[in-house]
Amino acid sequence: MTEMISPDLFASVPDPDGRFGPYGGKFVAETLMSALADLERVYRDLSCDSDFQREFDSDLAHYVGRPSPLYEASRMSDAIGGARIFLKREDLNHTGAHKVNNTIGQALLAKHMGKKRIIAETGAGQHGVASATVAARLGLECHVFMGAEDIKRQSLNVYRMKLLGAEVVPVTSGSKTLKDAMNEALRDWVTYVDNTFYIIGTVAGPHPYPMLVRDFQSVIGREARRQSLAMTGKLPDALVACVGGGSNAIGLFHPFLADEKVTMYGVEAGGHGVETGQHAAPLSAGVPGVLHGNRTYLMQDQNGQIMETHSVSAGLDYPGVGPEHAWLKDIGRVNYVAANDDEALAAFHHWTRTEGIMPALETAHALAYAEKLAAEMTPDQHIIVNLSGRGDKDILTVAAIEGIEV
Amino acid sequence: MSRLTQCFETLSNAGRKAVIPYIVAGDPTVASTVPMLHSLVAAGADVLELGVPFSDPMSEGPVIQRGHERGLANQVSLTQVLEMVTEFRQQDQATPVIIMGYANPVERMGYAVFASECATAGVDGLITVDLPPEEVGPLNVELHKVAIDNIFLISPTTPAQRIKTITANASGFIYYVAVKGVTGAGNLDSSDVGVHLDLIRAETGLPICVGFGIKDAESAAAVGVMADGVVVGSALIDTMTNAMESGSSLDEGIEKAVTLLRSIRAGVDNM
Numbered sequence: 001m002t003e004m005i006s007p008d009l010f011a012s013v014p015d016p017d018g019r020f021g022p023y024g025g026k027f028v029a030e031t032l033m034s035a036l037a038d039l040e041r042v043y044r045d046l047s048c049d050s051d052f053q054r055e056f057d058s059d060l061a062h063y064v065g066r067p068s069p070l071y072e073a074s075r076m077s078d079a080i081g082g083a084r085i086f087l088k089r090e091d092l093n094h095t096g097a098h099k100v101n102n103t104i105g106q107a108l109l110a111k112h113m114g115k116k117r118i119i120a121e122t123g124a125g126q127h128g129v130a131s132a133t134v135a136a137r138l139g140l141e142c143h144v145f146m147g148a149e150d151i152k153r154q155s156l157n158v159y160r161m162k163l164l165g166a167e168v169v170p171v172t173s174g175s176k177t178l179k180d181a182m183n184e185a186l187r188d189w190v191t192y193v194d195n196t197f198y199i200i201g202t203v204a205g206p207h208p209y210p211m212l213v214r215d216f217q218s219v220i221g222r223e224a225r226r227q228s229l230a231m232t233g234k235l236p237d238a239l240v241a242c243v244g245g246g247s248n249a250i251g252l253f254h255p256f257l258a259d260e261k262v263t264m265y266g267v268e269a270g271g272h273g274v275e276t277g278q279h280a281a282p283l284s285a286g287v288p289g290v291l292h293g294n295r296t297y298l299m300q301d302q303n304g305q306i307m308e309t310h311s312v313s314a315g316l317d318y319p320g321v322g323p324e325h326a327w328l329k330d331i332g333r334v335n336y337v338a339a340n341d342d343e344a345l346a347a348f349h350h351w352t353r354t355e356g357i358m359p360a361l362e363t364a365h366a367l368a369y370a371e372k373l374a375a376e377m378t379p380d381q382h383i384i385v386n387l388s389g390r391g392d393k394d395i396l397t398v399a400a401i402e403g404i405e406v
Numbered sequence: 407m408s409r410l411t412q413c414f415e416t417l418s419n420a421g422r423k424a425v426i427p428y429i430v431a432g433d434p435t436v437a438s439t440v441p442m443l444h445s446l447v448a449a450g451a452d453v454l455e456l457g458v459p460f461s462d463p464m465s466e467g468p469v470i471q472r473g474h475e476r477g478l479a480n481q482v483s484l485t486q487v488l489e490m491v492t493e494f495r496q497q498d499q500a501t502p503v504i505i506m507g508y509a510n511p512v513e514r515m516g517y518a519v520f521a522s523e524c525a526t527a528g529v530d531g532l533i534t535v536d537l538p539p540e541e542v543g544p545l546n547v548e549l550h551k552v553a554i555d556n557i558f559l560i561s562p563t564t565p566a567q568r569i570k571t572i573t574a575n576a577s578g579f580i581y582y583v584a585v586k587g588v589t590g591a592g593n594l595d596s597s598d599v600g601v602h603l604d605l606i607r608a609e610t611g612l613p614i615c616v617g618f619g620i621k622d623a624e625s626a627a628a629v630g631v632m633a634d635g636v637v638v639g640s641a642l643i644d645t646m647t648n649a650m651e652s653g654s655s656l657d658e659g660i661e662k663a664v665t666l667l668r669s670i671r672a673g674v675d676n677m
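Quick mapping for you: the protein sequence lines, in order, are chains H and G. Read the first sequence against my numbering and you will find it ends at 406, with the numbers running on by one and no gaps. Read the second sequence against my numbering and you will find it ends at 677, with the numbers running on by one and no gaps.
No wet-lab data here; the hints were simulated from the structure. Using N, Cα and C, we set each Cβ at its ideal position, and we do this for glycine too. Some clues are possibly wrong.
As the list claims (entries may be wrong) - Computed list of lysine-lysine pairs in DSBU-like fashion (alpha-carbon distance at most 35 Å, straight line):
1. H:176 with H:152
2. H:176 with G:586
3. G:586 with G:570
4. H:115 with H:152
5. G:570 with H:111
6. H:162 with H:176
7. G:621 with G:570
8. G:586 with H:111
9. H:234 with H:261
10. H:111 with H:176
11. H:152 with H:111
12. H:115 with G:570
13. H:115 with G:586
14. H:162 with G:586
15. H:329 with H:176
16. H:372 with H:329
17. H:116 with G:570
18. H:115 with G:621
19. H:329 with H:234
20. H:116 with H:162
21. G:570 with G:551
22. H:111 with H:162
23. H:162 with H:115
24. H:329 with H:152
25. G:662 with H:176
26. G:551 with H:329
27. H:176 with G:621
28. H:116 with G:621
29. G:586 with H:116
30. H:152 with G:586
Said to hold, decoys possible - Covered by chain G, according to a simulated footprint, are these stretches of chain H (three or more residues, beta-carbon under 8 Å):
31. 20-29
32. 172-183
33. 188-199
Go ahead and model the full structure; you've got the sequences and the hints to work with.
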């Protein structure tokens, strides 16, 4: 069905109102509307300003350590005996995940707007760490909102943020996870909107966030495209990435959207199984609605209340998803699938032992699916998996699940 | 003429200001909501604002957040809120009722169904915190069909040139949010409120009511002088829950909140 889509379509979203087809938009309280308009204006000017782009590229090169390598996982590929699997090594970025690509970009925007205080929400803590890191570097005050439940399961990252000088604000409302952290960050922003820049960590939230986070993260796909051509002489046959809010996935997918022969798989958190209702897979089992400033697929009940989610990985434990993914699902350009907790845990171990690369539990969902996918493909084909983050932060979680005291 | 327009005209002719209490449907109990609305009218409320409990009330401070949580724990959905309005209308056909909430429950019900159910129940107006003019078009079409007013918020951060965009979509009245922040936050600066009300008046003849940060008779009177009405929510809920947490019964807790509203009524009338 992708043959029917004009390549120009993907460059045309979002429209000036921030919409990806019926999704996206700006569903926020009036107090934030002018802050969003300011951000949009500043971003529009800076995104075509060569000095700003140079500054961003230079930070990515010298501070983050880009380009990140594309690595062929030969031992795993041989063991599976299907397609060759390549890993886009975002885990090797400074701070250990793809999140920093975006926080570097948004921190530069904050600097240009003269904002001295930044806030962020975080689930697994990777975005919180990446925000605290750029705040330390630029000398900005930083407050990170984190669900009380996530603070428990990601204690290492909490301490990291504190070491970096950020204040970690526990959120005890609702389900005490990522969605509640985002509610609290929005409440803070509405209160301190004059001096505060809200660094949203994923491709969700009100326009222009889904667009600008996508743009900052698209460096992943642009590099992967070049690297694939250099290493294999062709584009990949398939791309695989995990999807919570969806920033690492959109970052990998976006530069390939117009390449109709490249098939794409976004892997959601299946939790205990999509059929059990205990999961975090809105694209697989949700319906469209409005939350956190945008219209998108949501996990909600028949009365429009947002449901509590479950995933072994805090970073995927979110009832919504970026609006561009909602649109890509509807037009059939990307396939959205799910991997369950147990499959992700198995992949965590399997990849650690086979390739010596310990993935984040979020990333392990993508790896679990990639193993299945590769087995159905042939050795002349190749897959790129976004290795979005490293698993150091998850060691205590994995140990606890397996009843091991560290 | 809508019940809201009629209400503000009557008040204006009498030289009075509207007092508008806000409570969350189903908080603290399902059975207490409708009787409390009647008590608030008896204590001097001109218009009633009934909150629709939502799982993610992003613009609410802790006091009203907990009200939403209690409403949800009592399993109050948008459908039940409309049933409460229906029940209220059996005894009171005069007092305008506004429902205030977030977009998703309305989206889930469907705009057309929602508008027609509101009309059947006797709802007069709607405030949807996260539906700014840019996003409200399709819902407004349905509300117009059944003559239900859509009330918009204007905040201290709304640029002067944007006020016109908002008033063009609004009817009933304009709700001016007096503080940057969530409900129940901070103290409002009444001189700053005056400046903004003048800017809004330059664009619309609609009545303007002020909310967020009104806690007592004194703050209500300070704002009432400049506005056409005052909205009070967190202070009522806080009074009620504090009383109940320190051992008062449900009825006593509600009575304390109603007493606060009575004193706000007196403050606004005697300013």
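Structure-based check of each hint:
no.: 1; hint: H:176 with H:152; verdict: holds (11 Å)
no.: 2; hint: H:176 with G:586; verdict: holds (25 Å)
no.: 3; hint: G:586 with G:570; verdict: holds (20 Å)
no.: 4; hint: H:115 with H:152; verdict: holds (31 Å)
no.: 5; hint: G:570 with H:111; verdict: holds (32 Å)
no.: 6; hint: H:162 with H:176; verdict: holds (20 Å)
no.: 7; hint: G:621 with G:570; verdict: holds (30 Å)
no.: 8; hint: G:586 with H:111; verdict: holds (23 Å)
no.: 9; hint: H:234 with H:261; verdict: holds (11 Å)
no.: 10; hint: H:111 with H:176; verdict: holds (31 Å)
no.: 11; hint: H:152 with H:111; verdict: holds (32 Å)
no.: 12; hint: H:115 with G:570; verdict: holds (28 Å)
no.: 13; hint: H:115 with G:586; verdict: holds (17 Å)
no.: 14; hint: H:162 with G:586; verdict: holds (28 Å)
no.: 15; hint: H:329 with H:176; verdict: holds (29 Å)
no.: 16; hint: H:372 with H:329; verdict: holds (21 Å)
no.: 17; hint: H:116 with G:570; verdict: holds (32 Å)
no.: 18; hint: H:115 with G:621; verdict: holds (32 Å)
no.: 19; hint: H:329 with H:234; verdict: holds (26 Å)
no.: 20; hint: H:116 with H:162; verdict: holds (18 Å)
no.: 21; hint: G:570 with G:551; verdict: holds (23 Å)
no.: 22; hint: H:111 with H:162; verdict: holds (22 Å)
no.: 23; hint: H:162 with H:115; verdict: holds (21 Å)
no.: 24; hint: H:329 with H:152; verdict: holds (34 Å)
no.: 25; hint: G:662 with H:176; verdict: holds (32 Å)
no.: 26; hint: G:551 with H:329; verdict: holds (34 Å)
no.: 27; hint: H:176 with G:621; verdict: holds (29 Å)
no.: 28; hint: H:116 with G:621; verdict: holds (32 Å)
no.: 29; hint: G:586 with H:116; verdict: holds (18 Å)
no.: 30; hint: H:152 with G:586; verdict: holds (32 Å)
no.: 31; hint: 20-29; verdict: holds (count 5)
no.: 32; hint: 172-183; verdict: holds (count 5)
no.: 33; hint: 188-199; verdict: holds (count 5)
Going down the numbered hints, you'll see the structure goes against none, and every one checks out.
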